[in-house]
Amino acid sequence: MDPSLRWDDGGLGMSGQRIGWIVAILTLAFDQLAKWFVTGPLRLMEVNSIEILPIFRLQWVANHGVSMGFLTASSNAQRWALALGTAVIAAFVAVWLARETRKPDSIALGMILGGALGNIVDRVRLGYVTDFLNLHFGAWSPFYVFNIADAGISVGVALLVLRAFVTRDAPAPAENKDG
-7 MDPSLRWDDG GLGMSGQRIG WIVAILTLAF DQLAKWFVTG PLRLMEVNSI
43 EILPIFRLQW VANHGVSMGF LTASSNAQRW ALALGTAVIA AFVAVWLARE
93 TRKPDSIALG MILGGALGNI VDRVRLGYVT DFLNLHFGAW SPFYVFNIAD
143 AGISVGVALL VLRAFVTRDA PAPAENKDG
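Each residue of the sequence shown is one higher than the one before, counting from -7 in the numbering used here.
Quick caveat, the hints were computed from the structure, so don't treat them as lab data.
Mixed in with the good hints there might be a few duds.
[As the list claims (entries may be wrong)] Estimated spans, in silico, between C-beta atoms of each pair:
hint : residue 1 : residue 2 : range
1    : Ala90     : Ile47     : 14 to 22 Å
2    : Phe84     : Val158    : 39 to 47 Å
3    : Thr93     : Asn68     : 18 to 26 Å
4    : Ala69     : Leu18     : 28 to 36 Å
5    : Gly119    : Thr93     : 35 to 43 Å
6    : Leu118    : Ala156    : 28 to 36 Å
Note that CB positions come from ideal geometry on N, CA and C, so glycine has one too.
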């Protein structure tokens, strides 16, 4: 394969880490912009729900828990503990991103980091995470209501898992043990 077309090297003109940081910033910015738009101009908090397509609606949810409402923070101490726990995970992802050399993994880590930061901003600023995207089929919603940050985290994790199963790094060359 032509080296200029490979994701794993510098063929795209930017380091994997730089691309990852750009993806993190864009994910965070898009998440916060979308949350501002649905709470501000669309007034989703007041109208509660806006049907966009027969299978998709904007629906206001103040998520005081973690994923899918799990570990609901019912006090200020719990709120800050959730924010701190998410910040620790985000720091781990940031360190991983800073050391990552594969561009696809850097992009996935950037999505995860940007999503985590988007939800941290909400939890610190509002005390809850703003969720508003609802994919549904009639009365059945296969997913909990989510946001752009959640989508970034989910897609980033899925990409990391997929890459881990689909691509294998070349094994290190065996050392010559014959003298």
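Handout entry: Range hint compliance [Cβ, Phe84 to Val158, 39 to 47 Å]
Key = Since the Cβ atoms of Phe84 and Val158 sit about 24 Å apart, the hinted range of 39 to 47 Å is violated.
Problem - Supplied distance hint 35 to 43 Å, evaluated on CB atoms of Gly119 and Thr93 - result: holds, 39 Å
Exercise for the section: State, for the Cβ atoms of Ala69 and Leu18, whether the hinted interval 28 to 36 Å holds or is violated. Expected result: holds, 33 Å
Exercise for the section: With 28 to 36 Å as the target window, see if Leu118 and Ala156 comply at their CB atoms. Expected result: Since Leu118 and Ala156 have Cβ atoms about 35 Å apart, the given range 28 to 36 Å holds.
Handout entry: Range hint 18 to 26 Å (beta carbons of Thr93 and Asn68) holds or violated
Key = violated, 41 Å
Problem - Beta-carbon spacing of Ala90 to Ile47 - inside the hinted bounds 14 to 22 Å or not - result: violated, 39 Å
Hints 1, 2, 3, counting from the list given before, are not met by this structure.
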